[in-house]
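Trainee: Residue-level listing of the chains:
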Amino acid sequence: MALLSKKDTNLILDPLADNNPITIQVLGICSALAITAELNASLVMAISVMFVLGAGNVVISLMRNIIPSKIRIIVQLIVVATLVIIVDQVLKAFAYELSKTLAVFVGLIITNCIIMGRFEAFALANGPWRSFLDGIGNSLGYGIILIIVGFFRELLGSGTLFGIPVFGDPIAKTGLYSTGYENNGFMIIPPAALIVVGIIIWVQRSRNPALVEEN
Amino acid sequence: MSLKSKLHELKLKYQGNKMAPAFNAFHTFLFSPDETTHPGGTHVKAADDLKRTMNTVIMALVPVLLFSMFNAGYQHYSAINGFPVDFSVMRDFLTWDNFWIGIIKVLPLVVVSYGVGLLVEFIFAVIKGHEVEEGYLVTGMLVPLIVPIDTPLWMLSVAVIFGVVIGKEVFGGTGMNILNPALTIRAFLFFAYPTWMSGDKVWVYGARERAEQILAGTTNADAISGETILGYLAQNKGAEMSYSVSDMFFGFIPGSVGETSAFLILLGGLFLIFTKIASWRIMVSAVLGSLVMGLIFNQIVDFGWIGESSKFYGLMSFDFWKHLIVGGLAFGIVYMATDPVTGSQTNKGKWYYGFFIGFISVMIRVFNPAYPEGVFLAILLMNVFAPTIDHYVIRGNIKRRMKRLKNATIYPKDSEGKAEELKAETV
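Here the protein sequences line up with chains A and B, keeping their order.
Taking numbering that gives the first Met the number 0, the leading residue of the first sequence gets 0, the next gets one more, and so forth.
Taking numbering that gives the first Met the number 0, the leading residue of the second sequence gets 0, the next gets one more, and so forth.
For reference, chain A alone in the conformation it holds in the complex (with noise of 0.2 Å):
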């Protein structure tokens, strides 16, 4: 018997492509474009989220029968609050540089729309088993376009992966340097991230034009 039947692996699927939380739904897109100048921060960022949003959306999902409806949005933020609480202080706590290079994105990780919005989407009418997978599905989604957006930035803007150097020296003009590459200063400032997201979504809706709206 298969771990996962087949609705529940389109859960986990579906939101790496063709339902991708911020190329489909353009959710969290700030984040996206905030953080992702460096690989490590969007590694991390996209961890925390799939921290947060699995574990919320367990949470949201065991308690979605007892939650008065008119105060469901505060329930959802206590949730998501202690969430990226617990998710902040570990970071402080054993990764410190990374922690002030993402700052206060990890406390933003609360407004992450990606995040409201799978609970209002789903956790609030799914079990806890399926809402997990939902969950850890969009925040693989999520995480995938941050360390696409991340990979290309951090090589093109600084000419490093996850901070080891790959093209070289730039300041004593080694390896590619030597020809007279430069560093894309361009690819550093956030403006960056938003074209190449855009061209993420460009390639995506060209390779599946059944995602094209109509309008």
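Accuracy of the hints is not assured; some may be wrong.
To be verified - So the derived list for chain A, only partly shown, Cβ under 10 Å to chain B, looks like this:
id, residue
1, Gly-156
2, Tyr-180
3, Glu-181
4, Asn-182
5, Asn-183
6, Gly-184
7, Ile-188
8, Gly-197
9, Ile-198
Unchecked claim - Simulated crosslink set (DSBU-like; lysine-lysine; CA at most 35 Å straight-line):
id, chain 1, residue 1, chain 2, residue 2
10, A, Lys-172, B, Lys-236
11, B, Lys-50, B, Lys-10
12, B, Lys-347, B, Lys-275
13, A, Lys-172, B, Lys-200
14, A, Lys-172, B, Lys-104
What the hints assert, rightly or not - Among the chain B residues that face chain A by a calculated CB cut under 8 Å, a handful are:
id, residue
15, Pro-151
16, Val-169
17, Phe-187
18, Phe-190
19, Tyr-192
Derived by calculation from the structure, the hints in this document are not laboratory data.
Yeah, the Cβ is synthetic: ideal placement off N, Cα and C, and Gly gets one too.
Model the placement of chain B on the given structure of chain A, informed by the hints.
Mentor: Frame of chain A, contents of chain B only:
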């Protein structure tokens, strides 16, 4: 059989072929196509097509390009040997030596700009199966003229690919772009490789190498000269500058490749106005805008609100009309702001659009500490605002006409000849 009809036969033969757009591009580049306006519902027929329009702009750019080739050499040799004592145009400027520097430094920029840009256009035309669009003809000529002479060719290629794809093709190609592609290319270069786009070492060929030699002590020169006039002013070193007003006007100054000669740009602008290619409204209002902003700054200095110690003093005290003859303002106003696609379309809108381009350009010049040139940023900003300006102009027009209609008196055709007056009822 003439070449034209031969080409036309070839065109018919290759119709529907995958590479047809690429071939048609060459065909219409050489000759006017048989039809200049699309058949069908069009009632206004033009005698020439978009390609002729573009070629006219290129004609207006050719003198600027030639001048810039001489100036490349002139600046290079002046930086090494010092400025000639009694300057004569024939002896010191229009020389073969100067032109040769232009050939080895400016021509490659032109070739790379056209080569890469047209390649991207051809690829898109073949993929999307439409004709190659003419938009790049002018862009390709503008790009080498607005970059510093020492721009590495690979950087230019990257920027051109970015500018054509992100600035134009993603929006649907020529005529659909929001931002001027040439300025998008320059903006990309500026933000991606700032050390190659600003400072005092990029405007004169060889200045960077000389600076390195001085640093390494392998030359007995003790300084480099290659700062632009705006650069001098931004550092409050206006007094050290040895350029006269006529130097500035005729363009014997360092700067981006083609932006220096206000005189030739003025001629080009008159040519474009005469041929009705570019809008005189935009040009005039942009000049007005920059003069007004310059005057405001001059007044601030006159009132003594800004002292000589202020970092803005150099540029603020610069005579307001001189802003027009240094830097890229003249070039931007004549060739960039008047882009019919990205500029305002309504006549009234053109006045606002142009005015703010001039106004903001001079403002950025004075207040931008890192880079005393803001023409390209001002034009890009107004490109974004152009549709909004048009929207409000058209709305205002509709409102006015509605009001007029409300008060209009209508005389209905009455069979009995009674002139019965009716007040039109409109909402």
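Trainee: The structure should be examined with respect to each hint, and the outcome stated for every one.
Mentor: We went through each hint and held it up to the structure:
no. : hint                     : result
1   : Gly-156                  : 9 Å, holds
2   : Tyr-180                  : 8 Å, holds
3   : Glu-181                  : 6 Å, holds
4   : Asn-182                  : 9 Å, holds
5   : Asn-183                  : 4 Å, holds
6   : Gly-184                  : 5 Å, holds
7   : Ile-188                  : 7 Å, holds
8   : Gly-197                  : 7 Å, holds
9   : Ile-198                  : 8 Å, holds
10  : Lys-172/A with Lys-236/B : 33 Å, holds
11  : Lys-50/B with Lys-10/B   : 17 Å, holds
12  : Lys-347/B with Lys-275/B : 17 Å, holds
13  : Lys-172/A with Lys-200/B : 19 Å, holds
14  : Lys-172/A with Lys-104/B : 24 Å, holds
15  : Pro-151                  : 6 Å, holds
16  : Val-169                  : 7 Å, holds
17  : Phe-187                  : 6 Å, holds
18  : Phe-190                  : 4 Å, holds
19  : Tyr-192                  : 6 Å, holds
Hint compliance for this structure: every hint is met.
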